[in-house]
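Participant: Taking the hints into account, I'd like the entire structure generated from these sequences.
Protein sequences appear in the order of chains C and F.
Mapping to full-length UniProt numbering: the first sequence position 250 is 250, numbers consecutive.
Mapping to full-length UniProt numbering: the second sequence position 28 is 28, numbers consecutive.
Hints should not be assumed to be uniformly reliable.
[Claimed, not checked] Reference excerpt, derived from the structure (chain F facing chain C, CB under 7 Å, subset only):
1. SER92
2. LEU176
3. GLY321
[As the list claims (entries may be wrong)] Subject to a maximum C-alpha distance of 25 Å in a straight line, what follows is the list of computed DMTMM-like cross-link-like pairs (lysine to aspartate or glutamate):
4. LYS306/F <-> ASP666/C
5. LYS104/F <-> GLU157/F
6. LYS250/F <-> ASP659/C
7. LYS123/F <-> ASP666/C
8. LYS223/C <-> GLU136/C
9. LYS12/F <-> ASP294/C
10. LYS161/F <-> ASP110/F
To be clear, the hints were calculated from the coordinates, so they are not data collected in a lab.
Source: prediction; values computed, not measured.
For glycine and all other residues, C-beta sits at the position ideal for the given N, C-alpha and C.
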Amino acid sequence: MSSVRVDIQWSPVAVDQFLTWGTDLQLYQVQDVTPTEVVQLPRLRLGAKTAASLLATNTDLQYIKCVAWCPGQESDPANQLLAVGQANGKVALTTFSKIPDPRGIKGREYVPKHSRPVSCVGWSSQEPQLLAAGLEKVRTDHSVVVCDVNRPTHPQPYSTFDQRNSASGDLLKPLAEYGLAETTHSLAFSLHTHRTLIAGMNNKHIKVFDLRESKTCATTNTKAVYGICSDIHNEHRLASFFENQVSIWDLRSIDRPLLNLEANKPVTKLSWCPSRVGLLGCACRDSCGVRLYDVLHCAGGTGAEDQDPAVITRAIYPDPPTFVSAFSWHPQHQNRIITASYTGKLVDYCVHERITVNWSARGALVWTHGRKTLHQLDPSQPAYSHLSDILSAITTRARSRYGLRMDNLAANGEVTDDLSLRNLWMWLDNARSLVATGNFKLPGGVPYKYQGVWSLMTNGNLSSDIISRPWIGQDGQKNLYAKVFRSEERSCALELCSWGFEDEGVLTSFLTQLEAAGNHTRAAAVAVFNQRIRLAIHILQRGAVAKKIPALNSTAMALAGYTEDRKGLWRDTCTSLRSQLTDPYLRAMFAFLTDDADSYEPVLGETEMAIQDRVAFACTYLSDPRLTEYLDRLNTRLTEEGNLDGILLTGLSSTEGVDLLQRYVDLSGDVQTAALVTIHTLQHALNRDSRLTHWLQSYRHLLDSLGLWNERAQLDVIANDNKHAERPPQHIYIACNFCKKGITPYIQAAGRPRNPYARFGTGSANKSKMQACPNCRKPLPRCSLCLVHMGTPSGWGGCMGTKNSSSVGGGGGTCSEDGGVGVESGAGTSTPTPNPTPACRKLSDFTTWFTWCQTCRHGGHAHHLMEWFKEHSECPVTNCVCKCMSLDTVGKVGSSSHVAPK
Amino acid sequence: MLVVKSLNAEHKDLVHDVAFDFYGRRMATCSSDQTVKIWDLNDDDGEWVCTASWKTHCGSVWKVTWAHPEFGQIIATCSFDRTAAIWEESVSDSGHGVHSTWIKRAGLVDSRTSVMDIEFAPKIQGLQLATCSAGGVVRIYEAPDVMNLNQWSPHYEINCKLQCSCISWNPSPSRLHAPLIAVGSDDPNPASGGKVFIYEFSANTHKWTRVETLVTVTEPVHDLAFAPNLGRSYHLLGIASKDVRVIALKPTKQDGSQGQSSLTSFEVRQAGQFDDHGSTVWRVSWNLTGTILASSGDDGCVRLWKANYLDIWKCISVMRGDAVENVGEAEETNNSIQPCGGTASGQHTARYFKLAPTAHPSHVPWH
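Facilitator: As structure tokens, then:
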């Protein structure tokens with residue numbers, strides 16, 4: 001487009017129109033488009049959802065220096081007057097309307113006595129007929145000219161002018177003139193004060209002119225004389241710039257700027273955002289962004305007068321990497337800005353308010369949008385599941401009592417779908433039963449304590465015997481032998497891998513187990529690894545039937561052709577076709593059978609095989625140095641990956657196991673599993689390794705935060721199960737008012753043959769009532785509602801029963817009578833209404849409890865007090881204004897739904 | 001298409017901060033209109049209900065923060081008016097229902113400049129409160145008697161020498177980790193060096209000492225947040241600057257007992273640095289487990305970051321501020337990860353590149 005710098009301005013009246021000018025004036029209209037729609041010339045795409053179409057072009061005026069759009073209201077937006085300042089000193093008035101202007105204003109020109117460029121034009125927003133023009137310096141003329149465009153011109157107005165024949169000029173006597181022999185760089189009418197004009201002059205002054213009194217009412221020395229603009233939201237505030245510096249002024253104390261802001265490049269344009277307080281936009285030369293200064297409290301409201309203003313600098317990049325030459329704020333739409341680049345590209349952009357964002361403990365993500373809207377993404381929403389947040393997993397698992405099943409640890413794993421977690425719990429279960437039985441002894445008679453294979457092997461010097469193990473079931477051929485290694489450590493290790501096949505029965509049961517679980521290929525491979533090729537063939541055949549995979553039959557067929565012959569056809573075929581098998585166990589099986597040099601690398605490298613099979617295989621077939629090396633490598637890699645399967649190697653007795661868990665936590669954030677493993681197996685190590693405490697504390701904290709208090713309490717129960725000495729002491733004691741001796745051990749709920757609250761009493765049934773202190777025989781305090789001594793039942797029976805018997809309760813007097821009855825016949829049975837459910841009946845034990853307010857020290861039967869506070873807020877004791885129930889704000893949190901309807 | 005719940009915050013001006021209580025059942029918002037609003041979650045329909053709204057300060061309220069519920073229902077606010085304030089809820093039951101009033105318990109007026117950020121210490125350190133001011137002073141207050149919230153003594157003053165914008169306690173509940181505070185500065189001059197400082201409290205000397213300056217962060221920092229440390233061996237710090245950064249701080253000392261006596265030294269590793277926002281990043285926030293980082297930037301988007309199983313951080317979701325659509329799914333298929341090789345010091349930088357840029361997020365008209 002044009003090589004001239006393009007400037008842009010929104011129409012002050014039409015919300016969908018804007019103007020650009022470079023060599024000519026162009027009026028555009030904004031239209032809504034869809035983001036995918038193809039926008040062709042002459043329309044221009046402005047953004048994802050808007051396009052602009054050219055409405056009109058005005059090419060009559062040349063050498064346009066500056067344009068200002070009259071802010072006054074016109075009925076037709078096309079009649080909106082434009083003042084165009086030109087390089088030859090003329091200020092022309094024009095519109096985009098094709099019809100002549102009846103008032104004859106359109107087409108007028110104001111020509112100064114001496115021709116020099118107009119640097120700026122500006123309209124008054126208060127009196128839209130007032131137009132000011134700033135001109136460059138000439139010795140004998142004024143540089144600020146203010147005219148009233150509605151005033152009849154001198155001489156006689158050319159009322160029929162249209163813009164085409166206005167060349168003769170319109171010599172108009174100005175309303176006011178200022179700045180004799182001075183230069184005006186920029187000017188602006190005050191948006192709030194009548195007839196006040198602010199102008200930047202001579203590279204050193206900002207002057208404020210009062211048109212009513214025709215005088216300069218204020219002046220200040222500054223170099224920031226360019227781009228003066230007045231803030232629509234603050235009548236005293238204006239901004240100007242000079243090179244890299246933006247200054248913000250207060251008209252009341254214009255001696256020095258309120259604030260100087262540094263821009264990193266020379267500023268070209270400044271503008272206050274009309275839709276938001278204190279947002280100043282600033283375009284810089286050769287910059288692809290618009291800088292925004294969020295000026296807060298700059299001589300703003302009360303109490304902030306003496307404060308330094310705070311500025312938040314932002315930058316927006318409407319269309320990088322093109323340089324922004326000009327921009328314009330939309331006069332009405334919130335934070336909307338349109339920018340023009342040097343190439344003429346226009347971008348419609350919305351400046352976002354700063355977004356604040358936060359997560360809640362419930363996993364909800366909240367962020368602000370605009371000034372007032374909050375958006376919330378809940379875990380219940382489908383988009384949330386894409387995040388695969390570990391928090392959701394932890395919450396779900398905790399709710400389903402993950403890790404709280406003490407008897408069968410393996411059942412904990414079934415809560416999750418995660419295979420490695422299931423394996424982990426299986427291993428824990430097995431290991432724990434090994435520990436519990438105590439039969440399983442490590443080499444040297446050491447009892448097993450969650451050691452792993454790796455720690456077994458590195459414990460002492462490994463010295464293994466080589467044994468030739470015969471192949472079983474290879475009838476009709478010469479006896480074949482496989483070279484296997486045996487030692488005490490290896491046997492233990494094999495047992496830990498559930499491969500401890502010292503006798504035939506164990507192997508058979510293991511294979512049956514695998515088959516039952518549908519792992520036929522794995523069973524076959526294990527059989528082959530144990531030299532039972534016929535068994536493997538049978539397993540595969542059964543698998544083919546059971547799982548309806550006929551391919552297993554052919555695999556069995558191929559297996560049957562196994563030969564020791566090193567150069568046979570079978571061997572070549574197997575070697576070449578092996579890689580095409582999809583099942584890792586079949587691959588490993590054939591790799592094992594075709595292996596020549598006893599290297600077994602293909603088998604050991606089969607990463608899809610279960611770790612325990614690989615380890616067991618290695619423990620059987622690898623020589624001592626190779627075994628150590630292999631396990632070392634595997635151990636390092638699994639720990640590096642945080643793979644929980646590696647627990648088989650590391651065990652939990654050594655720091656290596658904790659290292660592995662730590663790595664797992666680091667990578668997955670799943671502190672839950674680590675903490676649960678800790679309480680189940682690593683209790684003894686809690687004091688030794690601070691990391692374990694950290695996990696446990698973190699998980700407890702997490703459960704608390706999630707509001708899963710029951711789960712947390714159960715966790716604590718398990719964690720403190722074997723710490724009888726450290727059982728927390730009783731929290732609350734009740735002592736007699738008179739002798740100050742504790743009565744808690746004697747208290748027992750009256751009429752309850754079985755006391756479910758063991759800690760409240762010793763449980764002997766003969767101490768059925770206790771209305772007096774057992775030590776000094778003085779009576780216990782009375783319930784403030786029923787006025788009966790504490791220690792008697794409250795008499796209302798099942799507390800839930802009162803839901804339908806609320807009329808029965810009545811006042812305090814009847815209450816005490818009821819209480820009497822209750823003592824005689826036992827609380828639960830004599831209530832007039834049948835108890836609704838057994839669950840409610842159980843709750844009624846609570847009714848006789850001592851309850852008192854920690855603040856006013858008044859109290860009584862728990863149930864009476866609860867009834868009271870359902871309807872009252874103050875204490876039932878005369879003259880006590882304590883709002884006992886409201887004191888505890890936890891009650892408030894619980895009752896939030898109660899508040900909600902308001 | 002992203003479906004989110006929306007809520008009109010009913011503030012008269014820009015909302016600066018949203019804070020949740022320990023359980024995520026209560027929410028506090030603060031705004032330039034000088035007020036704070038408390039919202040309670042309605043159990044029945046899961047909607048937020050405003051239960052209190054009051055004028056707190058004579059200036060924009062920058063931040064609001066909740067204390068641990070074991071100290072009561074307490075919030076603290078900080079403002080442009082150079083003060084911070086402690087508020088406690090007092091619930092009264094007038095018979096027509098429960099009313100909650102928030103009573104100002106204390107005003108902290110020590111700062112001579114705008115108080116930019118405020119945060120309660122983790123529960124384990126008692127009722128402590130850290131503030132930072134635009135004047136570059138971090139103050140740590142403590143209520144010696146948790147029953148008397150009127151008394152807050154300024155225990156420590158740390159001069160950061162650069163204007164401060166944000167502060168974050170290390171929320172680790174473990175006694176293993178000495179108290180840590182990260183302070184960010186929004187000083188605009190890159191020449192003034194690192195903008196994030198880590199301070200550690202030594203129980204022996206009773207002093208806060210700067211143990212680390214993140215020299216790689218020289219751009220102004222607008223927000224930072226320690227991730228909740230749930231059993232990890234290192235601390236994660238999310239930083240909102242010109243870009244989003246994730247910094248891992250690994251204490252090099254293993255032994256807890258020694259850590260008490262001398263200062264911890266950290267192995268600083270940059271786990272991620274992302275300029276996807278393409279402009280200034282304003283806020284960062286961690287989820288409860290410290291596994292997902294949310295960031296918001298000037299592009300009007302909220303982005304979520306997560307580490308994969310290889311510990312490489314990447315963007316998992318992008319949400320436009322106006323929540324009209326979610327470009328996250330497209331993003332996920334379009335990006336590729338290219339970890340750049342570690343330097344001699346074993347530093348590992350993960351970078352995230354977007355091959356096909358999505359539709360420019362900025363082209364969103366206001367509605």
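Participant: For this structure, which hints from the list above don't hold up?
Facilitator: The structure conflicts with no hint, since it agrees with every one listed earlier.
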